[in-house]
Amino acid sequence: MTKVPNNNAAAYAKKKAPGTKSTKAPSKKKDDEEAVEIADGWDEWTNGKALIKPPDQVVLTEAELKEEVTRILTANNPHAPENIVRYSFKERSFKPISAVDQMAVHFVLEGSLVYQDSDDSRSLKDKKGPPEENTADDTKAESDEETKPQASPAEDGGDVEDACKEDRPDSAASKADEKGPKLTNKFNFSERASQTLNNPLREKSCQTEPPPRSIFSAMANQWEIYDAYHKELQKQEKNKEKQKAPCSKKDDDKSKKKDMWLETLSDDVITNLSKATKIIERMVNQNTFDDIAQDFKYFEDESDKFRDEEGTLLPLWKFQHDKAKKLSVTALCWNSKYQDMFAVGMGSYDFSNQGHGMVAFYTLKNPSYPEYIYATNSSVLCLDIHEQHSFLVAVGFYDGCVAVYNLKETGAEPVYKSTAKTGKHTDPVWQVCWQNDDMDNNHNFYSVSSDGRVVSWTLVKNELVYTDIIRLSVVSDGPEGAQPHSFTCGTSFDFHKQIDYLFLVGTEEGKIHKCSKTYSSQFLETYDAHSMAVDAVKWNHYHPNVFISCSSDMTVRLWDHTINTPLFTFDLNAAVGDVAWSPYSSTVFAAVTTNGRVHVFDLSINKYEAVCQQVVVAKKNKLTHIRFNPIHPIIILGDDRGYVTSLKLSPNLRKQPKLKKGQELPKGPEVEVAKMEKLLSLLREPEQSSI
Amino acid sequence: MAGTGEGKKEEADYKRLHSFPLIRHTDMPEEMRVETMELCVTACEKYATNNESAAKMIKESMDKKFGSSWHVVIGEGFGFEVTHEVKNLLYMFFGGSLAVCVWKCS
Chain A
1 MTKVPNNNAA
11 AYAKKKAPGT
21 KSTKAPSKKK
31 DDEEAVEIAD
41 GWDEWTNGKA
51 LIKPPDQVVL
61 TEAELKEEVT
71 RILTANNPHA
81 PENIVRYSFK
91 ERSFKPISAV
101 DQMAVHFVLE
111 GSLVYQDSDD
121 SRSLKDKKGP
131 PEENTADDTK
141 AESDEETKPQ
151 ASPAEDGGDV
161 EDACKEDRPD
171 SAASKADEKG
181 PKLTNKFNFS
191 ERASQTLNNP
201 LREKSCQTEP
211 PPRSIFSAMA
221 NQWEIYDAYH
231 KELQKQEKNK
241 EKQKAPCSKK
251 DDDKSKKKDM
261 WLETLSDDVI
271 TNLSKATKII
281 ERMVNQNTFD
291 DIAQDFKYFE
301 DESDKFRDEE
311 GTLLPLWKFQ
321 HDKAKKLSVT
331 ALCWNSKYQD
341 MFAVGMGSYD
351 FSNQGHGMVA
361 FYTLKNPSYP
371 EYIYATNSSV
381 LCLDIHEQHS
391 FLVAVGFYDG
401 CVAVYNLKET
411 GAEPVYKSTA
421 KTGKHTDPVW
431 QVCWQNDDMD
441 NNHNFYSVSS
451 DGRVVSWTLV
461 KNELVYTDII
471 RLSVVSDGPE
481 GAQPHSFTCG
491 TSFDFHKQID
501 YLFLVGTEEG
511 KIHKCSKTYS
521 SQFLETYDAH
531 SMAVDAVKWN
541 HYHPNVFISC
551 SSDMTVRLWD
561 HTINTPLFTF
571 DLNAAVGDVA
581 WSPYSSTVFA
591 AVTTNGRVHV
601 FDLSINKYEA
611 VCQQVVVAKK
621 NKLTHIRFNP
631 IHPIIILGDD
641 RGYVTSLKLS
651 PNLRKQPKLK
661 KGQELPKGPE
671 VEVAKMEKLL
681 SLLREPEQSS
691 I
Chain B
1 MAGTGEGKKE
11 EADYKRLHSF
21 PLIRHTDMPE
31 EMRVETMELC
41 VTACEKYATN
51 NESAAKMIKE
61 SMDKKFGSSW
71 HVVIGEGFGF
81 EVTHEVKNLL
91 YMFFGGSLAV
101 CVWKCS
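In order, the protein sequences belong to chains A and B. Mapping of the first sequence onto the UniProt record's numbering: position 485 corresponds to residue 485, and the numbering continues sequentially without gaps. Mapping of the second sequence onto the UniProt record's numbering: position 90 corresponds to residue 90, and the numbering continues sequentially without gaps.
Just chain B, with the same shape it has in the complex (with noise of 0.2 Å):
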């Protein structure tokens, strides 16, 4: 980066361009994926400070919507291990600078 002006500008063209949802890794069925990475979206943007609240949120719809135990990991660096029954994992980035980790194990 040449200087802080053109780094600034850079970066909010990275927060605009890479505002949008990232699947990382998903074995999840097309139609399950899409309802909770976008359960995901709402819940990092309604609680966008607040990591916990997010998790909470998405936490307890899924367990409302596919049955229970879900777990949910919302951060900006973490490391994780996980075993899930297949079919309901979901991990994706969002907001350019998040990670959400989304799995059922009961």
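Pulled out of the complex, with its shape left as it was, chain A reads as follows (with noise of 0.2 Å):
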């Protein structure tokens, strides 16, 4: 605790402090004085620099300038105030004080001295051992009590020492107490410290990345190097024999090119594999299926020899394809070209139910799966294989749509599609059947479908072009006449094999039409077939003028067409689906029906009974159609659960006309006409002797 003021300060305070009346603390004093000896200064500084005047600057003419102006120096502070009054209790008026306090204090530092022999010294000594807190407490006690004295204005210097005193109680004078005697400061010491901002670190650093390296090693020794320069040796040699041969780089070429063979092989390795897994794809249906594939090939009936006229069908292969388990076969059609090959059409004859389709290509050498599948939107109701390109297939839908795949190209559409656009057809197409090509070279077939139309399609570079070819109008039965805008629905067509413009068109009421490609508005002939829908209409292969139909009415019928009934009738004893003449015999044909039989019939045989009549599948299933492969002594059938089934024909049924020893066989055309011809007179010579 230091009480004791600076010596110089005090003695300041002392010439200037007499008569002061001021209540200002002795700094704000002192700040007062600094601004005007600051102001007074202020001329002597700017001299000889250029003056910034002031805008509102009193301006004095020179005479003014130069008058002088003379300044007493006084002790009086300018600022003191000269007119104080007080009241005065004695006299009871109020007296102005003439005694005003003049002192400004500028400065004041505090000392940190004491004498030695002062009691401040001693109690300091004394206070060494207690608490520095004590202290503390005490300056601010003492401060509490002198800054009360402070606030009255008639108040002498020693008090405002005191003050200023009190203004940094905590300065070197505490110290001292800390240090004892030794610490107070003789010289006046001051204490001045200032810290400058340091600039904060920072910490930046790259790393670059090493040069790569690698790691090399090899062995060197005699041999070695023996050897390489061998080799060297030897390829230069090479080397000069090839420049000297200029076939030589031929042969580099060559390579070249079996590489780059190779490289395309490579790059359809797929397709190469595709074929050796198809390879062996049927060589494990060849072992699987052995003893079908030995009787399809070799088996001969032996019962035939003891059975006079009948015959059997001995059942081979089984086709059928998972995804078309659903759907009916509406369509068979051999290949003409690969004889094992026939096409499926499948779907569904319920228009009810009616969904998507399919059309397979099996293979009798892989009968466990199809070799082409084409999946459609509509059910398939017919198709036809091209006579000479094989590859294209024409196929009629349930939609009424006609297209033709291409078996060539990969994808799954058809190359060619009817549109509403380009006249397809309105209601269902029951069937398609390629024709020769035209004038032009382009394919073409026609189609038959239930909205009364028979169409020519011809495949125009990659467009169907359509020609309607007859409309099937109403006949007029009637007195009424025919109306001329009702049309009847196709449900069968058939081309006769010699005369190109002449066809057969079943209708669904049970007609058939003799129609000719030649004349659009009528027929040529109509006969009254059947009492219900035409399933099929087939020409005979060998007999130009006999023609086949079935229907759903139970029965099948023979025409020659140049007479309007029948020649023979044949009741089966349900619906028949499908009927086919056999391509080796003019006589022979075979029926389906839909309770699972197969009829075939010779009519050089038996005229009135089928020489065979065998259920071929499962009770509930209905035989849909029925093909005679070209060649082999086989059938297929397709019933309605997308079961296509192979038999094979016994010797009875395909008997050739009895054979006398010596006799060269007769063969060829000329003698299925005949032999059918044959049978045609017996037919007429009755009727005529009846007529």
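Since the hints were derived computationally from the structure, they do not count as laboratory data. Keep in mind the model is a prediction, meaning the values are calculated, not measured. Glycine is no exception: its CB is placed at the ideal position from the N, C-alpha and C atoms. You may find that some hints are simply not true.
What the hints assert, rightly or not - Just a sample of chain A residues kept apart from chain B, beta carbon distances all over 12 Å, derived:
id: 1; residue: 54
id: 2; residue: 88
id: 3; residue: 96
id: 4; residue: 122
id: 5; residue: 198
id: 6; residue: 213
id: 7; residue: 230
id: 8; residue: 232
id: 9; residue: 301
id: 10; residue: 365
id: 11; residue: 465
id: 12; residue: 466
id: 13; residue: 545
id: 14; residue: 631
Stated by the list, open to error - Here are some chain A residues pointing at chain B (derived, C-beta under 7 Å):
id: 15; residue: 216
id: 16; residue: 217
id: 17; residue: 218
id: 18; residue: 221
id: 19; residue: 223
id: 20; residue: 225
id: 21; residue: 618
id: 22; residue: 673
id: 23; residue: 674
Mind assembling these two chains? They're in different frames, but the hints should get you there.
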């Protein structure tokens, strides 16, 4: 605790202090004085320099400027009030106070000196022991005491000094407490310190990637060196030889070509692989179905010898595809080029249950899986494979579209397809049939549909061009005459084998029309054939006049197209799905019925009864279609469960006319025609006789 | 070999034929490779009997030309596995019996 004021400050204060009446804190006074001083020094300081005049400076004349103004320095404080009055109780009036405090304190610095003999130093020494907090409290208490008197205006300088001293109670003086008697500053020591701002440190670093390295190792010894040289020399010699021979370059090229070839090969490894797998697949199938293959090739039913006329059918492979299980077989067609291959059209005949369809191509060599599969959006109702270009397949759909698939093209879409714009049928297409190329060598086919149109489709570049061949208008049979705009539904047709323009159309109401491609408006002939829809109509392969028809009315009828009435009528006791002439005999045909039976007729043997009647599928299955293989003695049958069954005809069913020993077996179409003619004549004679 | 004479002849033949520098392995760029190879040939011919001097010469020249820390091994029989900066390795045979390996690794 130091109460001792700075000596200098005290002296200075005493000089100016007397009579000061200012109530201001000395420090404030000091500031004022300083301001005055700065103002005084201003002129001198700015001498010789361009003066910046304030805009409101008083303009003085030269004379005024030169006028001397005397200033007398006095000890009076210019800021000190001059007219302070105080009420005197004694005189009962206000009295001006003459003695105004003129003192201004400019600087105060506390001293830390204490007289050694003084009480203070003694108390300091005493208080060396006690804790510092006490001293702090003391100072506070004292400062409180002394601030009070400071407020009173009539205070003499000593008090002011005390106040000044109190400004910094804990400076060097308080330090002195700690350091004891030695610490007091005898030389008016003042301690000043400042700290500059240190820039914060930052770290910055970077690392470059080391140059890439690698490891190499080798062995060097004499034999290796020797071998290396040896090889190099040989190489050089070879090069020399090559350079000498100009053809060597060609060799190089060839090898390059070979490489290229190999590369391309590797590119279509998949196709190669598929070929290999196909072969394997067929081998496996051949193994598993070995007995069937043997039967197909060699088995001849011995029991036929003991039966007079009747024959049997030997079931061979069954073809079935999982995805087509719920579809019924709607079309069958043998491939004319590859005799082991046939196409199956699948779909549904039930108009309330229409869905997707499928075209599958099977080969006898692989009964387990189709060679080609084309899924279609609509039921397939018919198809035909082009006779010369067996990769072209015309397909007719339930939705009235016709399309042509090209087996050579990869992809599931048909290459041609009719659209609503290009004259598609408005009703199911029941049959399609390829025709000979037209005069411009464009492929073309015909289709018949329930909408009563027979349309010719021509494949031109990349579109199908259609031509309406005939409209099946209702034939007038009443007195009112035909309604001009009503058409009957065509369900089947067949083109004459020899006469190009002639064809037959079977209709839904059981009529068969003989038409010509050249007359679009009228029929050459109309046969009142059946009482229900005609399911199939087929020209005989040999005899130009004979055709056969079958219908859901359970009958199969044989016709001569020159005669209006059927030559034969066979009642098969169930709706007949399809009928087909055999390719090897003019008098053999087969029909399938919905009760799962196949009826094979040989008119040359039996004109009234089938030579073979056999149930070939499970009871519930309905047979829908039948086709004879053009070469082999087998037939394929389609049923409504998506199964295709192949059957071998027993020898009795393909019996040739009895041979007389030594006589050469007559063959060829003429014989077949004659055979049929003989049959027909048998029929005609009774007729004629009856007439 | 049938006889010593023939053998000698073959040996001479071999020496004559196998005198050219034969690069066994390198990843240097063309220009550098040629230069290095020529340098090795020069050094090996200059110090035909002293592989150490030859190696020293090659190393010092390489350091000067392509920057420091080149290493050279010359000998008739040795095995090695070295780590080198890529594009800075040359391993060659010379003179029918010498193997020279030059690489940089700093």
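> Does the interface hint hold: is residue 618 of chain A within less than 7 Å of chain B, judged Cβ to Cβ?
Replying inline: violated, 77 Å
> Should the interface hint for residue 218 of chain A be scored as holding, given a Cβ-Cβ cut-off of 7 Å against chain B?
Replying inline: With Cβ-Cβ at 6 Å, under 7 Å, it holds.
> With a cut-off of 7 Å, does the beta carbon of residue 216 of chain A approach a beta carbon of chain B closely enough for the hint to hold?
Replying inline: holds, 6 Å
>> Just want to verify: residue 122 of chain A was marked as not at the interface with chain B; is every Cβ pair farther apart than 12 Å?
In response: holds, 81 Å
> Beyond 12 Å from every Cβ of chain B: is that where the Cβ of residue 213 of chain A lies?
Replying inline: violated, 5 Å
>> Is the claim that residue 466 of chain A lies outside the interface with chain B correct, judged by CB distances over 12 Å?
In response: holds, 72 Å
> Can the hint on residue 217 of chain A be confirmed by a CB-to-CB distance to chain B that is less than 7 Å?
Replying inline: With Cβ-Cβ at 3 Å, under 7 Å, it holds.
>> Minimum C-beta separation from residue 88 of chain A to chain B exceeding 12 Å: can you confirm that?
In response: holds, 105 Å
>> Verify this label for me: residue 631 of chain A is non-interface relative to chain B, using a Cβ-Cβ cutoff of 12 Å.
In response: holds, 70 Å
>> The output says residue 230 of chain A does not contact chain B. Does that hold with a beta carbon cutoff of 12 Å?
In response: violated, 8 Å
> Would the least Cβ to Cβ distance between residue 96 of chain A and chain B come out above 12 Å?
Replying inline: Label holds. Min Cβ-Cβ 100 Å, cutoff 12 Å.
>> A cut-off of 12 Å on Cβ-Cβ distance, and residue 198 of chain A was said to be off the interface with chain B. Does that hold?
In response: holds, 40 Å
Checked against the numbered hints given earlier, the structure breaks hints 6, 7, 8, 19, 21, 22, 23 and satisfies all the rest.
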